[in-house]
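J.: Listed here are the chains, written in short residue letters.
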Amino acid sequence: MFKNIFKCTAIAATVVFMMSVSSAADEVPIEGNVASKCVIYPTTAGVYGNPLPDTLTTDVSDGGKPPIIRFDVVNANSYKAVITTPITFSSSPSLNDTLAWTGSVEVDQVTDSNMSSYDSNKRVFNNITEFDLTVAGTVWFKANSTVTYGYNKSLPGGNYKSIVVAECIAL
Amino acid sequence: MENSYVDDVLQVSMELFNKRDDVEHYQIDVFDKEWKPVPFAIQSRLIEVKYLESKKIIVYIRKTDRYRVTYICSSSKIKRKNETTALVVSRICSKIK
Numbered sequence: 001m002f003k004n005i006f007k008c009t010a011i012a013a014t015v016v017f018m019m020s021v022s023s024a025a026d027e028v029p030i031e032g033n034v035a036s037k038c039v040i041y042p043t044t045a046g047v048y049g050n051p052l053p054d055t056l057t058t059d060v061s062d063g064g065k066p067p068i069i070r071f072d073v074v075n076a077n078s079y080k081a082v083i084t085t086p087i088t089f090s091s092s093p094s095l096n097d098t099l100a101w102t103g104s105v106e107v108d109q110v111t112d113s114n115m116s117s118y119d120s121n122k123r124v125f126n127n128i129t130e131f132d133l134t135v136a137g138t139v140w141f142k143a144n145s146t147v148t149y150g151y152n153k154s155l156p157g158g159n160y161k162s163i164v165v166a167e168c169i170a171l
Numbered sequence: 172m173e174n175s176y177v178d179d180v181l182q183v184s185m186e187l188f189n190k191r192d193d194v195e196h197y198q199i200d201v202f203d204k205e206w207k208p209v210p211f212a213i214q215s216r217l218i219e220v221k222y223l224e225s226k227k228i229i230v231y232i233r234k235t236d237r238y239r240v241t242y243i244c245s246s247s248k249i250k251r252k253n254e255t256t257a258l259v260v261s262r263i264c265s266k267i268k
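In order, the protein sequence lines correspond to chains A and B. Sequence positions in the first sequence follow the working numbering and run 1 to 171. Sequence positions in the second sequence follow the working numbering and run 172 to 268.
In isolation and in its complexed conformation, chain A is listed as follows (with noise of 0.2 Å):
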């Protein structure tokens, strides 16, 4: 009887130590970095030229340049390029009548022959183009604008400056 009450409290030691262990929870954190894999950079400023009083242009033969823009890109499918043209001056002399803003945006240079179908593929509304980056590599997109002022208005003499926003979305 000695012997089997013996057995019953290692067991029941056993048991309760076993309880013991599982119940002593430790916390252990798990750390993780968000480093974005896309990297966006202008390569080419632009210029507005002013071929004629009431007109802005990015338009190369216009006297103008098209900003460019680069994106690298890592892992393919998990970003988007949205890229938007200007609508308003981000400074400028004091304006008096409307704008009429018009933009695109286009493929310009690609390092995988398989990035040919952005251009075709691109989405665009009002003044956003989108671009899914189905491929791992570098694309430089070029940012086309023309703003026309009130109607044959000469435009005020002095600095305009407007912003081209190119962002890299994750998918």
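Read the hints as simulated data drawn from the structure, not as lab findings. Predicted model, so just to flag it, every value in this text is computed and none were measured. Take the hints with a grain of salt, since some may be wrong.
[What the hints assert, rightly or not] Derived coverage of chain B by chain A (criterion: at least 3 residues anywhere in the stretch with Cβ under 8 Å from a Cβ of chain A; other residues may be distant):
| # | segment |
| --- | --- |
| 1 | 179-191 |
| 2 | 261-267 |
[Said to hold, decoys possible] Below, a list of computed lysine-lysine pairs in the DSBU-like style, where the Cα atoms sit at most 30 Å apart:
| # | chain 1 | residue 1 | chain 2 | residue 2 |
| --- | --- | --- | --- | --- |
| 3 | A | K161 | B | K234 |
| 4 | B | K248 | A | K122 |
| 5 | B | K227 | A | K80 |
| 6 | B | K266 | A | K142 |
| 7 | B | K250 | A | K142 |
| 8 | A | K142 | B | K234 |
| 9 | B | K248 | A | K65 |
| 10 | A | K80 | B | K207 |
| 11 | B | K234 | B | K204 |
| 12 | B | K190 | B | K207 |
| 13 | A | K80 | A | K37 |
| 14 | A | K37 | B | K207 |
| 15 | A | K37 | B | K221 |
| 16 | A | K122 | A | K37 |
| 17 | B | K190 | A | K161 |
| 18 | B | K221 | A | K153 |
[Claimed, not checked] Residues from chain A that keep clear of chain B, each with C-beta distances beyond 12 Å, as calculated:
| # | residue |
| --- | --- |
| 19 | L95 |
| 20 | Q109 |
| 21 | D112 |
| 22 | F125 |
| 23 | T134 |
| 24 | N152 |
Cβ coordinates follow ideal geometry from the N, Cα and C atoms, glycine included.
Since the structure of chain A is provided, determine the placement of chain B on it from the hints.
T.: Frame of chain A, contents of chain B only:
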């Protein structure tokens, strides 16, 4: 996201690398899946990162917002210049899954 030293506040660390030689300041923003701003705290909203430098940034988010947070974005900030130019603002958004 991991627990921070403050109760009910989580933290996310991100590394910001500046590959633009015309920009030295970036702004951090946090958005939900519908691109609505999510409140957050950071040491400095405007971060200075020199060309080809990288900086580790910690973003603090309320625990109640942990399931709302979807995007953490860094946007370049451009200084005024006296040129007739079309400037480029770049914004890169990472997604928290």
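J.: To test your reading of the hints: which numbers does this structure violate?
T.: Numbers 3, 8, 18 - these are the hints that the structure violates, sorted from lowest upward.
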